[in-house]
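Let the sequences and hints guide you as you build the complete structure.
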Amino acid sequence: MAMTEQEVFEKVKETLVEALGVDEDEVEMDKTLTGDLGAESIDFLDIVFRLERAFDIKIPPGDLFPDNVLNNPEFVADGKLTQAGLERLKESLPHVDFSQFETDPDVNKLPELFKVSTIVRYIMNKVNG
Amino acid sequence: MRWIWIDRFVEFKPGVSATAVKNVSLAEEHLHDHWEDFPLMPVSLMIEGMAQTAGILVGQARDFKEKVILAKITVAEIAEPVLPGDQLHYHAELKTISDKAASTHGTVLKNGQPIGTIDLMFSHIDQNLAGVKFPEENFVFTGQFLRLLAGFVDLPTDTASRCEGAEAGRQ
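As given, the protein sequences belong to chains X and R, one line each in that order. Residues 1 to 129 (our numbering) make up the first sequence, in order. Residues 1 to 171 (our numbering) make up the second sequence, in order.
Just so you know, not all the hints are guaranteed correct.
So the derived list for chain R, only partly shown, Cβ under 7 angstroms to chain X, looks like this [claimed, not checked]: (1) 67; (2) 71; (3) 76; (4) 96; (5) 103; (6) 121.
Here are the simulated DSSO-like pairs of lysine-lysine, each with C-alpha atoms no more than 30 angstroms apart in a straight line [stated by the list, open to error]: (7) 126(X) with 13(R); (8) 80(X) with 11(X); (9) 126(X) with 72(R); (10) 100(R) with 11(X); (11) 11(X) with 109(X); (12) 95(R) with 80(X); (13) 95(R) with 58(X); (14) 90(X) with 80(X).
Everything labelled a hint here was simulated from the structure, so no lab data went into it. On a predicted model such as this, the values are computed, not experimentally measured, just so you know. Cβ coordinates follow ideal geometry from the N, Cα and C atoms, glycine included.
In structure tokens form, the structure reads like this:
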């Protein structure tokens with residue numbers, strides 16, 4: 001049976017509360033995972049593990065969060081994503097909104113793209129097809 | 001020297017769970033200062049004991065090919081003081097493992113009674129820090145650690161010979 005956005009959000013919220021040790025009322029759709037909720041790199045793996053269990057799904061590496069893009073010199077130059085890097089990210093992460101990031105693709109700003117809503121959108125696509 | 005905070009394994013189910021014992025003794029010098037009037041096993045060292053129990057479980061699941069490093073203490077709750085003379089059991093279950101990382105759920109028991117939970121995450125560092133070079137040899141799982149497993153699982157051949165003494169001693 002299809003899940004509503006609210007149902008997905010509630011489960012994602014529970015996951016983030018457990019993985020990041022934040023309070024329930026801190027988790028809102030437009031909050032960024034790193035800036036607002038304090039996630040660090042290992043937390044992204046923890047979140048993926050917990051989402052897989054909570055929704056009984058498989059999340060391949062690089063499917064929800066970027067993987068091996070930032071370490072590839074073809075995709076990053078002078079601290080910014082190249083056009084090829086940007087295209088690769090947009091192709092591999094269709095649930096992420098890159099419109100604002102495209103104007104200044106500074107890799108340091110990349111984590112700000114990942115919000116609670118990013119996860120909810122990804123899970124919605126995954127469980128509802 | 002490695003500072004090993006488990007005495008021996010009492011159960012080891014590859015890829016599933018492991019239980020190790022730690023006997024707390026007043027002969028351990030750190031207890032004399034923690035604290036002089038009330039010697040108490042530090043919770044930080046219980047976390048280390050669980051990390052060693054769970055870390056070896058994670059390492060064995062990939063045949064000790066990965067360098068397994070503690071990356072995150074997700075939960076650490078201990079409800080009772082642990083004193084000299086107490087026996088601890090660290091029971092670790094492997095919840096998830098991938099190419100990059102693993103998560104474990106752990107229960108701490110004092111004299112057979114559950115007193116707390118320690119959940120951990122481990123990183124396979126060669127898979128996570130691209131561009132950062134680590135020594136070729138697996139500096140995490142040295143002979144001292146692996147000897148604890150003698151008699152429970154088949155060890156990599158280069159370590160097995162060094163462990164024979166430990167296995168014979170247990171029988």
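So, going through the hints one by one against the coordinates:
1. Of the supplied interface hints, the one on residue 67(R) is violated, with its beta-carbon coming no nearer than about 15 angstroms to a beta-carbon of chain X, more than 7 angstroms.
2. Given hint, residue 71(R) at the interface with chain X, holds; its Cβ is 4 angstroms from that chain's nearest Cβ, closer than 7 angstroms.
3. At its closest, the beta carbon of residue 76(R) sits 11 angstroms from a beta carbon of chain X; the interface hint therefore is violated under the 7 angstroms criterion.
4. Because the beta carbon of residue 96(R) sits about 4 angstroms from the nearest beta carbon in chain X, less than 7 angstroms, this interface hint is met.
5. Interface hint status for residue 103(R): upheld, as the beta-carbon distance to the closest one in chain X is roughly 5 angstroms, under 7 angstroms.
6. For the restraint placing residue 121(R) at the interface with chain X, the shortest Cβ-Cβ distance is roughly 6 angstroms, inside the 7 angstroms limit, so the hint holds.
7. Taken as a hint, the residue 126(X) and residue 13(R) pair is broken in the structure, with Cα atoms around 33 angstroms apart against an allowance of 30 angstroms.
8. For a cut-off of 30 angstroms, the pair hint linking residue 80(X) to residue 11(X) is broken: about 34 angstroms separates their Cα positions.
9. A distance of roughly 28 angstroms separates the Cα atoms of residue 126(X) and residue 72(R); the hinted pair therefore holds under the 30 angstroms criterion.
10. Restraint check for residue 100(R) and residue 11(X): the C-alpha separation of about 24 angstroms stays at or below 30 angstroms, so the hint holds.
11. About 27 angstroms separates the Cα atoms of residue 11(X) and residue 109(X), which keeps this hinted pair within 30 angstroms; it holds.
12. Note on residue 95(R) and residue 80(X): the hinted pairing is violated, with a Cα-Cα distance of about 37 angstroms set against a maximum of 30 angstroms.
13. Simply put, residue 95(R) and residue 58(X) have alpha-carbon atoms about 14 angstroms apart, close enough for the 30 angstroms limit, and the pair holds.
14. Between residue 90(X) and residue 80(X) the alpha-carbon distance is near 15 angstroms, which keeps this suggested pair within the 30 angstroms criterion.
Hint violations for this structure: numbers 1, 3, 7, 8, 12, all remaining hints satisfied.
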